[in-house]
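Construct the complete structure from the given sequences, taking the supplied hints into account.
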Amino acid sequence: MRALPALCLLLASFTSHAETSQQIRQTYVAEATAQQAGFTPAGKRGEALFRQRFSNNDKMPACTSCHTDSPLNAGQHAITGKAIRPLAVVANAERFTDSAKVEKWFGRNCKEVVGRACTPAEKSDFVTYMSEVR
Amino acid sequence: MKRIALTLLIGMAVVLPPPAFADRLPLPTNTPASYKVECGSCHLAFPPALLSANDWRRTISGLKDHFGTDAAVDGKNGQEIAAFLERYAGDAGKLGSAGEPPRLTQTARFIRKHREIPEKYWKDPRIKSAANCEACHRGAALGNYSEHDISIPELRR
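Chains as they are written, first to last, in this note's numbering: chain Y, 1162 to 1295; chain P, 3 to 159.
Calculated directly from the structure, the hints in this document are not laboratory data. Treat the hints with caution; some may be incorrect.
[What the hints assert, rightly or not] If you only want the chain P side, here are some residues facing chain Y, beta carbon under 7 Å, derived:
(1) H45
(2) K130
(3) S131
(4) N134
(5) A137
[As the list claims (entries may be wrong)] Okay, the calculated bits of chain Y under chain P, using three or more residues with CB under 8 Å as the criterion:
(6) 1234-1244
(7) 1265-1277
[As the list claims (entries may be wrong)] Lysine-lysine pairs mimicking DSS-like chemistry, simulated, CA-CA at most 30 Å apart:
(8) P:K66 / Y:K1262
(9) Y:K1205 / Y:K1272
(10) P:K130 / P:K38
(11) P:K78 / P:K66
(12) Y:K1265 / P:K130
(13) Y:K1220 / P:K38
(14) P:K38 / Y:K1272
Virtual Cβ for every residue (Gly too), placed ideally from N, Cα, C.
Below you can see the structure in the form of structure tokens.
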């Protein structure tokens, strides 16, 4: 039963592109709720995570190192300089519409910037913020 | 006389191979999607001809620590990308050594092609990294590396 959210995500990844940010958020919320009863996602916590500076990587101490101070802006990779499209759904409709892609980038970026895997609660909050920010 | 010259010209055009435009480096039409997604997210999906097969092999085998980043690609995608890069790799003799770890910006060919760029531009915040081809070659994603189409006006020729 605890594996159900993960299974949902896996199934969803086979039918990529047909998802919405709400569906992807719901999957993470279900996972977070399984770990912590009564969990409710909060965009404010998501924003705090987005802005938090970590001491894991001095070239990329925070999400903002590449994604700028506003998720509405286009970003730039801190090392390579490659352009990055905005994170906010309102500025980039393709964001959070492919769960496999979302998982891949949470996986890579949390490890690289935060220095560990992000929790389902953190992912829920982050997706909530990026879906709500205007 | 004019006619002979014309015939000769047409004859040459048919017989001689077209000149190799070194500033045209489009990705092969059969480039796997995995290459564009896995390698082209953090930097340009570089033309495979910019490194030799041996240097691509070394790059692929070191993806776990790819210039400080874990860029490991698993299973089928990894094999597909490796096979693609090796197939379309550049000529080791013409490229020259790419150093250790291999950097496509360190081959003798790359250095020769960019020798007229003053040092200060490499540190320009608009450029950030020598491997950021698109900072100057705005048509790089489409394979256009012409020195006439440079986005930084001072460097245009």
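Status of each hint after checking the structure:
1. H45: holds (4 Å)
2. K130: Hint on K130 (chain P): holds, closest Cβ of chain Y at ~4 Å, below 7 Å.
3. S131: holds (5 Å)
4. N134: holds (4 Å)
5. A137: holds (6 Å)
6. 1234-1244: It holds, with 7 qualifying residues against the three required.
7. 1265-1277: Answer holds; 3 residues pass the 8 Å Cβ test.
8. P:K66 / Y:K1262: holds (19 Å)
9. Y:K1205 / Y:K1272: Holds. K1205 (chain Y) to K1272 (chain Y) sits at ~22 Å (cutoff 30 Å).
10. P:K130 / P:K38: Holds, because 22 Å separates the two Cα atoms, which is no more than 30 Å.
11. P:K78 / P:K66: The hint holds at about 16 Å.
12. Y:K1265 / P:K130: holds (26 Å)
13. Y:K1220 / P:K38: With Cα atoms ~24 Å apart, K1220 (chain Y) and K38 (chain P) stay inside 30 Å; holds.
14. P:K38 / Y:K1272: Answer holds: K38 (chain P) to K1272 (chain Y) is near 22 Å, not above 30 Å.
Every hint, counting from the list given before, is met by this structure.
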